[in-house]
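**Student:** Input sequences plus hints: build the corresponding full structure.
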Amino acid sequence: MYKGLEKGIKKALSELGMPEIAFSLEHPKELSHGDYMSNVALIVGKQEGKNPIELAKDIVKELENQKIKGVEKIEVAGPGFINFTLNRNIFVRGLVAAQDKEWGNTEVYKGKKILVEHSSPNLFKPFHIGHLMNNTIGEALYRLAKSSGAKAIPISFPSDISLGVAKAVFVLLEKYGEDFDPSDITALGDAYVEGTKRFEEDETIQSRVKEIADNLYAERKSPELEIFQKCKKFNIKYFEDVVAKLGSNFDSYIYESDAGVDGKKIVLENTPKVFTESEGAVVYIPEEEKKLHTAVFINSDGHPTYEAKDIGLLDLKFKRYDPDISIIITDNQQTSHFQVVVDAAGKIKPEWQKNSVHRSHGRMSFKGQKMASRLGNVPLVEDVLGAVVEEVKEKNSDVTDESAQMIAIASIKFAVLRTMAGKDINFDPETSLSFEGDSGPYLQYTAVRAGSLLQKGEGLGLKPDIKNPVVGTETLERLVARFFEVCSRAQEEWAPHYVVSYLLELAQAFNSWYGQGKILDEDTSATAYRLSVVSATRQTLINGLWVLGIEVPKKM
RNA sequence: GCACCUAUGGUGAAAUGGAUAUCACAACGGUCUUCGGAACCGUUAUUCUGGGUUCGAAUCCUGGUAGGUGCACCA
Numbered sequence: 000m001y002k003g004l005e006k007g008i009k010k011a012l013s014e015l016g017m018p019e020i021a022f023s024l025e026h027p028k029e030l031s032h033g034d035y036m037s038n039v040a041l042i043v044g045k046q047e048g049k050n051p052i053e054l055a056k057d058i059v060k061e062l063e064n065q066k067i068k069g070v071e072k073i074e075v076a077g078p079g080f081i082n083f084t085l086n087r088n089i090f091v092r093g094l095v096a097a098q099d100k101e102w103g104n105t106e107v108y109k110g111k112k113i114l115v116e117h118s119s120p121n122l123f124k125p126f127h128i129g130h131l132m133n134n135t136i137g138e139a140l141y142r143l144a145k146s147s148g149a150k151a152i153p154i155s156f157p158s159d160i161s162l163g164v165a166k167a168v169f170v171l172l173e174k175y176g177e178d179f180d181p182s183d184i185t186a187l188g189d190a191y192v193e194g195t196k197r198f199e200e201d202e203t204i205q206s207r208v209k210e211i212a213d214n215l216y217a218e219r220k221s222p223e224l225e226i227f228q229k230c231k232k233f234n235i236k237y238f239e240d241v242v243a244k245l246g247s248n249f250d251s252y253i254y255e256s257d258a259g260v261d262g263k264k265i266v267l268e269n270t271p272k273v274f275t276e277s278e279g280a281v282v283y284i285p286e287e288e289k290k291l292h293t294a295v296f297i298n299s300d301g302h303p304t305y306e307a308k309d310i311g312l313l314d315l316k317f318k319r320y321d322p323d324i325s326i327i328i329t330d331n332q333q334t335s336h337f338q339v340v341v342d343a344a345g346k347i348k349p350e351w352q353k354n355s356v357h358r359s360h361g362r363m364s365f366k367g368q369k370m371a372s373r374l375g376n377v378p379l380v381e382d383v384l385g386a387v388v389e390e391v392k393e394k395n396s397d398v399t400d401e402s403a404q405m406i407a408i409a410s411i412k413f414a415v416l417r418t419m420a421g422k423d424i425n426f427d428p429e430t431s432l433s434f435e436g437d438s439g440p441y442l443q444y445t446a447v448r449a450g451s452l453l454q455k456g457e458g459l460g461l462k463p464d465i466k467n468p469v470v471g472t473e474t475l476e477r478l479v480a481r482f483f484e485v486c487s488r489a490q491e492e493w494a495p496h497y498v499v500s501y502l503l504e505l506a507q508a509f510n511s512w513y514g515q516g517k518i519l520d521e522d523t524s525a526t527a528y529r530l531s532v533v534s535a536t537r538q539t540l541i542n543g544l545w546v547l548g549i550e551v552p553k554k555m
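Residues 0 to 555 in numbering that gives the first Met the number 0 are what the first sequence spells out, letter by letter.
Where hints are given, some of them may not hold.
[What the hints assert, rightly or not] Subject to a maximum C-alpha distance of 30 Å in a straight line, what follows is the list of computed DSBU-like cross-link-like pairs (lysine-lysine):
1) Lys6 <-> Lys68
2) Lys244 <-> Lys264
3) Lys66 <-> Lys45
4) Lys72 <-> Lys56
Since the hints were made in silico from the structure, they are not lab data.
**Tutor:** Quick look at the structure:
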């Protein structure tokens, strides 16, 4: 359709002896302006110094002569835009495809392999709301990739080893002895916080912690290594439980300890070709015009830093999966860190740079206060989720636990995904979470409401049928049809918030229509038609919410 | 100091260089013997500031203001 219009306009230009120029052909913001609009007359008018409205009239006349298939109306509007309205049949037929579970699956990345790394936990810290933001966005990008025709693979990069971990192990060893076996995540989180504090206070502790770190890095048999390994195992289980609740699972993990070993090796192999020795450390010095900073890859103790670990991560990722696109999601404090790493990586293996996509998100503050998990003042995901579930139940005591959980997750995920990734979010359950208006539950409610209509229709022996279109549903039909393009754009730009905006518009149009009159009435063929609009809207909502990682409950 | 990011009604956000800047919350007023009121309808109110580019700027360029983040051995 798009193509037909574009060709038609080009043909009209040459028929009229107008210059071949680049013009836009897009959806107008307002549905009342038609299905497509073009600025072609404005551009030609500028170039030729002629009145764009007159030119537009000529072009329209020419286009009308062409009788382009599916175009019902062509008009000149505003300062010289040309608006196209498509034949309704196209949208009516579209309602059939929109009732399919596959509706919204595109071919944007058909045949590609896309790796999405997100939610990377620190294995000695509980999963807190900072992780929640990463998980929500990461899961949405993974699902976008999956619905784009690509083979999508979710992985995570658990941080299992660091000086901070050694500090925690020190405390655990001292407090509980060698036989310590974790059964509770908070014990580990507390040890982490306490270790950070103790480390600052005492120099003998510092050297002991460094010794522990050495043993852990070298995997030397020792009490600390044993505790460490037990904690690691326990933590992975905990992590998997938490993210499963949120709707994520992972194909595999690449551990920071493994990436460290691998990365260190690669960095050394590429010194001095790419890296430089300086003051006992190995660093990367980017060219001056790149405006990047110098970064340490191997510190003077010989341990790989985060930078070298990321090189190892790239290597392991590409060895294991050989992706066409490798997406990594972090918060935007790490943006410049990644620029440096990727720049260095490109000199080792160009494809590491070429195939990498870094998406960053803002930070989540809690009720306006800054948080640092090593200080222990960050709310945990489970606590926040629990509190929101309580609120949901307060609003409606009839909901099942399962539904309440879905609704709580919807309201939280929606708060994260509605904004363009990159912005900070101040997370305050009392003000930033809502169940009404622009919200996750509103979208769920709309889908549930639509489902209930279908059920009722079925009870009357009526099934969706597009044979007999009735008036009043035109807006909804056109909106439903746009879902496909919205998905494509979200995939191309890795921007789930387009899906959010779209679903809100759709739900609003549906509820508005719902309020205008009865959907189920005595006229069975009209009712059957309306039911097909209901069914298409519902499926579009369900499929769109799926991309966002939100499920629709049966009742709410 | 250098670099990067952000600035839209009272609040939170949206808007491929396009038409009258959209949506929700809050406030105010309505719908209600309901196919599910977590809904619908209406009213009030917005592009930080100066300059520039453009037929057209919230969007691009430039100066300023305010806030955030990053810059050598943390992750």
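**Student:** Is Lys72 within 30 Å of Lys56, Cα to Cα?
**Tutor:** Given pair Lys72, Lys56 holds - Cα atoms ~13 Å apart, limit 30 Å.
**Student:** Is Lys6 close enough to Lys68, meaning Cα to Cα at most 30 Å?
**Tutor:** Status holds; Cα separation ~12 Å.
**Student:** Compare the distance between the alpha carbons of Lys66 and Lys45 with 30 Å, and conclude whether the hinted pair is satisfied.
**Tutor:** 27 Å, holds
**Student:** Given the proposed pairing of Lys244 with Lys264, does the C-alpha separation stay at or below 30 Å?
**Tutor:** 38 Å, violated
Comparing the model with each earlier hint shows a violation of hint 2 alone; every other hint is respected.
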